[in-house]
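Listed below, chain by chain, are the residues.
Protein chains: 2
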Amino acid sequence: MRIEAIDFFYLSMPEVLDIGDGSQDALLVRVVAGDQIGWGECEAAPLPSIAGLIAPMSHSACKPVQASVLGQKLDSVADISRIGDLVRANSLDLLQADHILSGIDMAMWDLLGKRFDTPVYALLGYKEIFPKTPYASMLFGDTPQETLEKGRNARAMGYRAAKFGWGPIGLGSAQADADQFMAAREGLGEDGILLIDIGTVWKDDVAAASLRIPALQACRATWLEEPFVSGALDAYRQLAALTGNVKLAGGEGSHNYYMAQHMIDYAGLGYVQIDAGRIGGLSVSKAVADYAQAKGVTYVNHTFTSHLALSASLQPFAGIENDVICEYPVEPKSLALDITQNHIQRDANGQVHVPAAPGLGMAINFAALQPYLIDVEIRVQGKTLYKTPALA
Amino acid sequence: MRIEAIDFFYLSMPEVLDIGDGSQDALLVRVVAGDQIGWGECEAAPLPSIAGLIAPMSHSACKPVQASVLGQKLDSVADISRIGDLVRANSLDLLQADHILSGIDMAMWDLLGKRFDTPVYALLGYKEIFPKTPYASMLFGDTPQETLEKGRNARAMGYRAAKFGWGPIGLGSAQADADQFMAAREGLGEDGILLIDIGTVWKDDVAAASLRIPALQACRATWLEEPFVSGALDAYRQLAALTGNVKLAGGEGSHNYYMAQHMIDYAGLGYVQIDAGRIGGLSVSKAVADYAQAKGVTYVNHTFTSHLALSASLQPFAGIENDVICEYPVEPKSLALDITQNHIQRDANGQVHVPAAPGLGMAINFAALQPYLIDVEIRVQGKTLYKTPALA
Chain A
3 MRIEAIDFFY LSMPEVLDIG DGSQDALLVR VVAGDQIGWG ECEAAPLPSI AGLIAPMSHS
63 ACKPVQASVL GQKLDSVADI SRIGDLVRAN SLDLLQADHI LSGIDMAMWD LLGKRFDTPV
123 YALLGYKEIF PKTPYASMLF GDTPQETLEK GRNARAMGYR AAKFGWGPIG LGSAQADADQ
183 FMAAREGLGE DGILLIDIGT VWKDDVAAAS LRIPALQACR ATWLEEPFVS GALDAYRQLA
243 ALTGNVKLAG GEGSHNYYMA QHMIDYAGLG YVQIDAGRIG GLSVSKAVAD YAQAKGVTYV
303 NHTFTSHLAL SASLQPFAGI ENDVICEYPV EPKSLALDIT QNHIQRDANG QVHVPAAPGL
363 GMAINFAALQ PYLIDVEIRV QGKTLYKTPA LA
Chain B
3 MRIEAIDFFY LSMPEVLDIG DGSQDALLVR VVAGDQIGWG ECEAAPLPSI AGLIAPMSHS
63 ACKPVQASVL GQKLDSVADI SRIGDLVRAN SLDLLQADHI LSGIDMAMWD LLGKRFDTPV
123 YALLGYKEIF PKTPYASMLF GDTPQETLEK GRNARAMGYR AAKFGWGPIG LGSAQADADQ
183 FMAAREGLGE DGILLIDIGT VWKDDVAAAS LRIPALQACR ATWLEEPFVS GALDAYRQLA
243 ALTGNVKLAG GEGSHNYYMA QHMIDYAGLG YVQIDAGRIG GLSVSKAVAD YAQAKGVTYV
303 NHTFTSHLAL SASLQPFAGI ENDVICEYPV EPKSLALDIT QNHIQRDANG QVHVPAAPGL
363 GMAINFAALQ PYLIDVEIRV QGKTLYKTPA LA
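From first to last, the protein sequence lines are chains A and B.
The first sequence begins at 3 in this note's numbering and counts up one residue at a time.
The second sequence begins at 3 in this note's numbering and counts up one residue at a time.
Hint data in this document are derived by calculation from the structure and do not stem from the laboratory.
Please note that the accuracy of each hint is not assured.
The list cannot tell twin chains apart, which means a pair is met if one copy fits it or any two copies do.
30 Å max Cα-Cα, derived DSBU-like pairs, lysine-lysine [stated by the list, open to error]:
id, residue 1, residue 2
1, Lys205, Lys297
2, Lys249, Lys75
3, Lys75, Lys205
4, Lys389, Lys249
5, Lys297, Lys385
Remember, predicted model here, so these are calculated numbers, not experimental data.
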């Protein structure tokens, strides 16, 4: 069968706040081939991604993404890989392309899984899958007291692990950060797995990061995430030599296989975090998971949005028994929850399981999404190249 | 003074062909502050870049690029650097952002240069500048005979150096490529500087590349450019150990400082090629030029389009005496030539000089550009977020 349609849907909360919460809008992707429909999600700025899907060609290596997908044969896993390679070659100079491809790749896996009545993890080659320990992914409070309460709340909700990130961290003094770290530890309890996310605030400033090491060790953080921007390999490696038991985590900014590989090879990471909605989809994520295993680095998903994205992000390492921790969005906006009818719930042990249903195993909640649908129209030389399609 | 306006102009040839010629469209940038106007050019897909300039915010680290530029103070070189940092932080998750920033950064330098009546290279800190030896940048012919004639033509036009790239190279047999390489050498003459550009066709396949080494050595290529995609560091380094006198060149795909740094540190390059229209503008290009000097790697501009882009791309290494070779577009489409009223011509010795005039030293040819101007309209929730402005 051939890919007949790719539709992008820009969804948004009525108000988008200037905070580090990536669940305030979404870019949902529908791929149609034969009598099958697959769904995916780009973790990407919606409007530039829509534009990159449908833009006029600039030259042979700067084509719109749909040029390499529409009309392509989609009968096997090898076809997904081939289409990904086509996009990367034909859209080499379209920077946004990897983010755009990500949701399309997920949707192709979902579609093939439904067609073959098989979960995606099985198509990826996993014979056996293992439960994951979710960490509650939350923003730091504006004050240590707020963070303390958030930590208590996470524990009360039964989370054994929690990550605190962004908010005021790194913007004030080292002491202010230390107070936040200790509040998080106190809230989460002595035996909780505490993860700290800096959100790249220190860019590549090893000295600024180093000032926080004693507090990170004192609060017994399992990892220090994104002290620096993705790609600041030297800064990462220098810091990794100084943090002792606190391992570095990073990689969510990777938008292709090579960038993740460089983080694994040269940044001294203990954990590589991959967002399947940015790196080019499930296909690339699985390749990174394989490489991480070979290099002794733990793979972790990066997911802050919907349970469609969560299912997609769990598939690439569902069969890796030792990579236990997974990110689990605990306070997403209503939009993120409303994307799917079903949700990936924690079991009695507080663990999560990748869906056993065909494809990604998630059902889109069309009715709930209507109020979030953003009407977009892009016209070039008087011709409409994109108009928001009906979501049904 | 403060930045009052940023305008993007999408320009295109009437017909865009499916060939590796990046001069078929352009994205011109105008920045206005006080009574000054600066011009720049993004080497980027126009429509997604326009969308990324004006898109609604997704979250605090995924803002449209204009959010970090409009209204900002622009009185000094430090302001340009500060604005660049703002864009990189506030648009961290907008993948297209570096390409969008590139043209804005150029325009800010042009504007400040005009305001201070100073060429940009002087603002960049160069006290003395040096002429460059331009290479004619051309596509391979469809046949060796065509390539031979192109080489003869370059020599007849007085070029001492020529680069042949893309076209059929790497798509057929090693022998077919060898015939093309030898035709290029024959056409250019025994004493010409011959440069070969593979256009990333081998992706990261060292074996495929290795098959071509004897022919590359036989034709005495000075460099082998982009055998692999940017970021395939291992493949580059492995190949670099095998090519002897033929040095590797690459880096044009870098869209931030770190990617160029990785190519210099880990890819075994002899030449690092930077497109100021992709990497974030002149500011980042200059930082890479400085780093390359420190690491003993030769800096070369990547320029395939207009003389506005050429002026911008020459500034970052104008004062580096030993980095002599520069890319010079020899067969651009009429659009690229029509962007400026004046052009950077070769002198009697066949060398080129960065303009001595204030700013980038180029005058926009408004009248000539009108037929190329593409009318774009982007509407979100019934509101027009972008409409092609008047170009005058």
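Here's how the hints hold up against the structure:
In the homo-oligomer, the alpha carbons of Lys205 and Lys297 lie at most 30 Å apart both inside one protomer (26 Å) and across protomers (22 Å), since each shortest distance falls under that limit. Taking the shortest Cα distances, Lys249 and Lys75 never come within 30 Å of each other, neither inside one copy (44 Å) nor across copies (40 Å). Taking identical chains as interchangeable, the C-alpha atoms of Lys75 and Lys205 lie at most 30 Å apart only when they sit on different chains, with a minimum of 23 Å there against 43 Å within one chain. Taking the shortest alpha-carbon separations for Lys389 and Lys249, neither the intra-copy value of 46 Å nor the inter-copy value of 49 Å comes in at or below 30 Å.
For the identical chains of this complex, Lys297 and Lys385 are neighbours neither inside a copy (51 Å) nor across copies (50 Å), given an alpha-carbon limit of 30 Å.
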